[in-house]
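Quick note: the sequence shown uses the working numbering, first residue 936, plus one each step.
Treat the hints with care, since some could be wrong.
[Stated by the list, open to error] Each computed DSSO-like pair below joins lysine-lysine, with the alpha-carbon atoms no more than 27 Å apart:
no., residue 1, residue 2
1, 1072, 1057
2, 1054, 969
3, 1049, 1063
4, 969, 989
5, 1054, 1065
Hints were generated in silico from the structure; no laboratory data involved.
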Amino acid sequence: SSNNGESISIDKNDNANTSTSLVIPLYLSSNGVKARAIQTDEGIVVLQGSEVSKSESESLQRVYRELRERLINNGTIVLNGDKYVFEIDYLFDTASPAAVVVVGRSISGPQSWKDSNGKTLKQMEEEKVKDMLRSVKFD
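Can you make the complete structure from the sequences, with help from the hints?
What follows is the structure, encoded as structure tokens:
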């Protein structure tokens, strides 16, 4: 697309700021299942080979129950022994549905997905916002 030079340089800056969020590996370990994901601008991608709890809590909301069912029916997650496994990388809009599908009960995605140092997605987002605010120059 033909942009004027100005907007191109803005795009470049945007990429510099967001590309770090594209490569943060995230981990969720709970109830004997382990899942891996990456945070992207589109959402959170749960990676192929991530485990999914076979059991669902009685209190699991219907919307999540149906999502899990759909992923099983369309072959995105398949039964492997005593747990399900993601057959492909799968994009969720936000962190919570991704976490709930993995563990089969209601949990907070931002507080459940962590980096390799144990820092939660919520903490990372808060730090990113602080950094952004620090870099803003008001007249």
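Cross-check of the supplied hints:
1. 1072 to 1057: holds, 25 Å
2. 1054 to 969: Holds - the C-alpha atoms of residue 969 and residue 1054 are around 16 Å apart, at most 27 Å.
3. 1049 to 1063: holds, 15 Å
4. 969 to 989: holds, 12 Å
5. 1054 to 1065: Measuring from Cα to Cα gives roughly 16 Å; hence the hint holds.
Checked against the numbered hints above, the structure breaks none of them.
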